[in-house]
Amino acid sequence: MSELESGSELPRLAVTPDRYVTYRYAGASGDFNPIHLDDEFARSVGLPGRILHGLYTMALIARAQTEAAGGPGRLKRLAVQFRGPALPEHEITVSSSVTEQRDGRAIVTATATQQGKAVVRGATAELEL
Amino acid sequence: MAFPLHSYAVGREKVREYARAVGETDPLHLDLEAARAAGHPDLVAPPMFAVVYAGAAFERAMREPELRIDLAMLLHSGQEFEWGELVIAGDEIATRIELADVSERLGMRFYAFTSVSTNQRGEQVCRGTWTVLVRPRA
Chain B
1 MSELESGSEL PRLAVTPDRY VTYRYAGASG DFNPIHLDDE FARSVGLPGR ILHGLYTMAL
61 IARAQTEAAG GPGRLKRLAV QFRGPALPEH EITVSSSVTE QRDGRAIVTA TATQQGKAVV
121 RGATAELEL
Chain Z
1 MAFPLHSYAV GREKVREYAR AVGETDPLHL DLEAARAAGH PDLVAPPMFA VVYAGAAFER
61 AMREPELRID LAMLLHSGQE FEWGELVIAG DEIATRIELA DVSERLGMRF YAFTSVSTNQ
121 RGEQVCRGTW TVLVRPRA
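The listed protein sequences derive, respectively, from chains B and Z.
Mapping the first sequence onto our numbering, position 75 (from 1) lands on 75, and the numbers just tick up by one.
Mapping the second sequence onto our numbering, position 27 (from 1) lands on 27, and the numbers just tick up by one.
Hints are computed from structural coordinates only; laboratory data are not their basis.
There may be inaccurate statements among the hints.
Claimed, not checked - Quick partial rundown of chain B residues pointing at chain Z, CB under 7 Å, derived from the structure:
no., residue
1, Tyr25
2, Gly54
3, Met58
4, Pro72
5, Leu75
Even glycine gets a Cβ: it sits at the ideal position worked out from N, Cα and C.
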């Protein structure tokens with residue numbers, strides 16, 4: 001796949017999570033931590049309000065990879081560090097670029113950004129070629 | 001510290017529910033005929049569905065009373081998954097999780113858990129490293 005050559009950019013993914021996404025994600029994932037569901041509780045523990053699940057943001061990064069690579073079976077590894085809380089109702093963009101090809105895999109570095117801040121930086125993905 | 005083996009039966013509608021919650025549009029996750037036409041016996045779980053079958057084991061491990069993790073002050077700081085065989089609706093996934101590391105830095109406690117998930121044929125479907133930090137209460 002030529003679009004996974006070293007130096008190439010994968011298609012950018014832009015998603016604006018709606019107001020209720022954390023409730024749907026909680027139900028789907030089973031993670032009902034109130035920092036994702038209750039503004040008042042979230043503020044009481046020093047957060048700006050309800051925050052997105054980190055693993056939801058990671059799922060957006062994963063989707064950017066599988067859509068670019070041609071299906072769910074292509075994503076062999078994904079590692080992320082969560083840099084800061086992401087919020088509902090603000091656009092998240094995922095940018096990904098291929099840094100090299102190695103052992104039949106494309107190595108990708110990805111960043112998820114919201115309101116000009118990286119919420120995930122230096123994510124590494126490995127895609128089967 | 002090791003925890004009991006966690007078993008999870010992958011349901012077709014759970015795969016759809018999860019796929020919709022994260023905005024997946026690939027018909028392999030949503031459309032049974034498309035999944036079958038592509039050679040799969042049932043719907044294919046998105047890779048990040050690992051948070052469902054292995055996440056429950058992780059949740060249970062964090063709630064282990066002996067660890068005394070202050071869940072309200074917990075933030076997920078890092079996550080890594082490595083995937084093997086695809087997970088298909090109808091699979092039975094067994095996950096073994098262990099506490100791999102505890103450290104303290106800048107007044108915060110870091111916990112790293114590792115999980116290994118296998119399907120009913122004994123094939124590894126996912127390996128995970130789950131890192132959380134617990135902030136001190138003000």
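Hint-by-hint comparison with the structure:
The interface hint given for Tyr25(B) holds, since its Cβ lies 5 Å from the closest Cβ of chain Z, which is under the 7 Å cut-off. Residue-level restraint check for Gly54(B) holds (minimum Cβ-Cβ distance to chain Z is 4 Å; threshold 7 Å). Among the interface hints, the one on Met58(B) holds; its C-beta lies about 6 Å from the nearest C-beta in chain Z, closer than the 7 Å criterion. Hint status for Pro72(B): holds, given a least beta-carbon distance of 6 Å to chain Z, under 7 Å.
Taking 7 Å as the C-beta cut-off, the interface hint given for Leu75(B) holds, the closest approach to chain Z being about 5 Å.
Checked against the numbered hints listed earlier, the structure breaks none of them; every hint is satisfied.
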